[in-house]
Each structure stands twice: as C-alpha cells, then as structure tokens.
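Engineer: Sequence:
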Amino acid sequence: MKPKTGIAIASVSTLTLVFCAGLAVLAQAPPPGTQPAATTNQDSTNDLSLSVGKSVVLDLARPVTRIVVGLGDFAQAQAVSPTQILLSGKAAGETSLIIWDQSGGRQFFNVTVRPSTFASTDVLDGLRRELRAELPGQNVRVSQDSGVIFLRGTVTNLNSSDRAVMIASTAGKVINLLNVNVPAPEPQILLKVRFASIDRTKEKQLGINIFSTGLGNTIGAVSTGQFPGPSPTPSGSGATLSAVNPLNLFAFYPGINLGATIQALETKGLAEVLAEPNVLAKNGHQASFLAGGEYPYPVAQSGSTGGASAPITIQYKQYGVLIAFLPTITNRGTIRLQVAPEVSALDYGNAVNIGGATVPALTIRRVKTEVELADGQSFVIGGLLDNRENANFQKIPFLGDIPILGKFFQSMDRKKSNTELIVIVTPEIVNPIDAGTPVPELKFPEGFLPPNSAIPMHTPDTKIAGATAPPPPATIPVEKLIESMKPETPLTIDGGMSVGGGGGGAVSSQPAPQ
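Residue numbers (mature numbering (1 follows the signal peptide of the UniProt record, and there is no 0)): -29 to -1, 1 to 485.
Derived by calculation from the structure, the hints in this document are not laboratory data.
Predicted model, so just to flag it, every value in this text is computed and none were measured.
Glycine residues also receive a C-beta, built at the ideal position from the N, C-alpha and C atoms.
You may find that some hints are simply not true.
[Said to hold, decoys possible] Quick list of in silico lysine-lysine cross-link-like pairs, DSBU-like style, CA-CA up to 35 Å: (1) K457 x K163; (2) K366 x K175; (3) K387 x K239; (4) K163 x K25.
[Unchecked claim] DEER-style ranges, computed between Cβ atoms: (5) R171 x G377: 25 to 35 Å; (6) V330 x G407: 48 to 58 Å; (7) L57 x P154: 31 to 41 Å; (8) I393 x G320: 19 to 29 Å; (9) G255 x S20: 49 to 59 Å.
Given the sequences, and given the hints that come with them, work out the whole structure.
Structural biologist: And the structure:
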C-alpha cells in the first residue's frame, strides 16, 4: 500500500503545480491603460483531467466567492482556503467547473474524469470470476471503455445472456454484444380428444278410442285424449273416417254402427356418438379445430323503422366437432392444458319458426377445464350418466274405474331414457416426420372411374420445387433471437372465423395472450 500512496501524492503535487502556474498567468494584473472592470469580468476556460479516486488542488490569485460543479456524479469541489479549491474525481465522465472570485471574474474548467486503472482492473477481474462461476464452460469476454462494460462471446441460451448482463450491471452500464446458440425447435403437442356418448330410449303406449257413426251418419267418439282417434271428414252425403297412425288397430262393425282404434306400440331407440378429433399446436400457442358446418339464423335489427317491421339480417352459428386448447410445457416436464372440446348437432325437434324460416336448435355436449398431465397420460375431464323414466296414465272418469271393462277407457304411456357420456383427453409431445420418411395415408377403396390421363398424378419433388434451403447458422446475436421469438400476427380467415373456421375441418392456430 505504501508505493501506491506515494504515486498518488506525486500525481497530486504535479497537477497542483501545473494548475497553479496556469492560474497564476490568468490572475496577473491587467496591463496599464486598461479598465479594471473589464479585467475582472473576463471569462477564461481551461481543460482539467484527473482519475477516479484522485484529487487536485487549484490555487487561485483572488479569494473565491462561489463554486459550481455541472454534474456532481462525476466530480466534487470544495474550498479548503479562500484561494484554494480541492477537486476530486468520483466517476468516469465529463463535467464543468465554474469559479467566481471577489472581483466578479469567472473561470471555466472542462473536467474529464478518467477511470482508475487500478479500480478498473480489479472490477473486471471480479466480473470475470463471477461469470466463470455462474456460467461454466461458456465463452464470455469482458472489457471496459469510458466506464462502460462490454460483453462479448457466445452463451448457450437467453437465460445465460440475462444472467451475464445482471452480473456485469453491478459495475455500471452494460452493452450486451453476446451471441446465443440457435435453440432447438419448440416442442409441439398433439391433443387427442375422445367423445363417447350413448343414448337409449324405450317407450310403451296402450290406449283405446271408441266411436260410433250414430244416426244420419253423424260421428261420435269416446277417447281419453292422450292418443288421437280417427279423423272425421264430413261431406254432403255423410262422413268418412281416416286413421291418424297407420300402426293403430282399427275396427268398425256397421251392424251396430260402432268402431274402435287401439294404440298399442312399443318403440326402442339407440344413438351412439363417437368422435375422436386430434389437433396439433406449438408450446404456448392456442389452436382450434372444427369439423362440421354453420347454419343460418335470422336476427332482427334494433332501432325504429318508422312503423315498418324491423329489418332482418342473417347470421351464422357453428356446429359439429370443435376443439380449442392452449398447451404449456411446465418446468416439471408436464403439460398444462386449457381445453374446451365440444360436440353439437342440429335439433329440428325443438326448432322454431321465425318469419317463415325454420331455425333448428342445437344439442351440445361441451367441456371447458384446465388440467395438468404428463406426456402420453390420459384424463377423463367430463362425464354424464342420466337415467329418466316418465309415465303418463289417463282415463275417462267412472268408465275407467269399471273392473275389466274399464281398460277400454284407459290409456298409458311409459318412456324411459338412458344417456352416458364420457370425454377423455390425451396430450402427447411429438416431433415432425423426417424428410424422406413415408407419411401415413388413408386407405381409399378402388376407384370406380377410369383415369382421365395416362400420366399418373404426383406431387412436386425437389427437381421441380428447387433445392433445399441452406442450414441455419449455429449462433445469432441476442437481439435477433429475441426479435424472432415475438408472437406472429394471428391468422385470420375470411368469414369471421374466431375459434374455428367454417365446415370441412378448418384449422386455426394463434399464440396466447400475453
């Protein structure tokens, strides 16, 4: 430590002598014949240089009344006597020093504070040690110029680059000139969804309607009203009867003008739905798939139209098999899924009529949830078991209570339904098929039309499409890698597709919200 102290004292003494000589010249008395006021109001400018952590003493010819430093972050000045100022360097940079004396004169100094050679070396050595410890095996070079730290070299990923900048920022401003190894392609997730639905229905009906033509071929009937009887059609010469349901039993005995229809039916229904849509997406990007269509429905516009009916516009609603999901690979290696599968179909049994147009309803099976699975695992994200039984019994008062014969004045309708639904999701991390590897194809039946050309159809190969692209570089600058990772503009399709497209298996993919 003693040799360094000697050097510091010598440098301070040398600078002090230089500035004392300069200031002595400036402080000389004005030549004869000049006005004292003009001499005291003249301004002078000098250049002054020192190192960080060092100090110089300025000797002035006249007592000092005021001292101002432009940027106090770089230098500090204080009066140690009426004619002496101590100037110390705090940080590398440039600033100004202005001094006023008792006669009203001003002196300007352009102060340059250089980085300390010893301090810079110690700081850089410390940064290199920290970088080697935190980023072993990575090539990071550190240099300093005018108080600014420069990082050069190559690191493996963006996290290493960020850590290097954080370490170097402890010594001041950092310029990141690092290169980063080109990362491997983002993993892609294939989502398999299985909808399995079974609807079973069973219905039994039994009822009797008794009617008579009476006198003059007029028609009378006795019915519980639950099942329709024969429909009368009066005419000028009499009346005719027609059975509503051809499966009804119909009997008429003209001798006593008495007839009967018997409704005795048993129906069974079975509906099975099995949908297995698959869709692929990048890690952290949303994807959707629709296999179905869009049906139109009228919408009345709001607002007054001067007494006229409101205008009608046609809008479209999607139906079919729809998937929308957002996969994210976690640090644990699992896959977090936000998934919303849906299966819908047109239901004309509950349709409504609007302005002469029949608008069908929709039967929808939809699940929306968030789960976390390992690669290849399956999860039942939704299920339904619905058993329903309805029974309707009607009779004619008093007549329906007669033993045995009362059965002719009763009707019964029993209906039982059973619904089972299960939704299973399976995410898988997949890789693309390598170039030159045969891709899976659908097996079509043999064609029933002869070919329209002797030349077989084929897809373009490398001879037609051109040579393959050159291999990408191994490393790129950090700023270019960050720019390439920004989200692309979401894909839009004409027709107002939001989550999925129109019919025919449209697919859309877009990144997640930031």
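Engineer: Next step is simple, just say for each hint if it's right about the structure.
Structural biologist: Checked hints:
1. K457 x K163: Roughly 28 Å between the alpha carbons, so the hint for K457 and K163 holds.
2. K366 x K175: Satisfied, since the Cα-Cα distance of roughly 17 Å is no more than 35 Å.
3. K387 x K239: Since the Cα atoms of K387 and K239 sit roughly 10 Å apart, the hinted pair holds (cutoff 35 Å).
4. K163 x K25: Violated. K163 to K25 sits at ~71 Å, over the 35 Å cutoff.
5. R171 x G377: 25 to 35 Å: 33 Å, holds
6. V330 x G407: 48 to 58 Å: 52 Å, holds
7. L57 x P154: 31 to 41 Å: Violated - the Cβ-Cβ distance for L57 and P154, about 55 Å, lies outside 31 to 41 Å.
8. I393 x G320: 19 to 29 Å: Given range 19 to 29 Å: holds, Cβ gap about 24 Å.
9. G255 x S20: 49 to 59 Å: For S20 against G255, whose Cβ atoms are near 54 Å apart, the range 49 to 59 Å holds.
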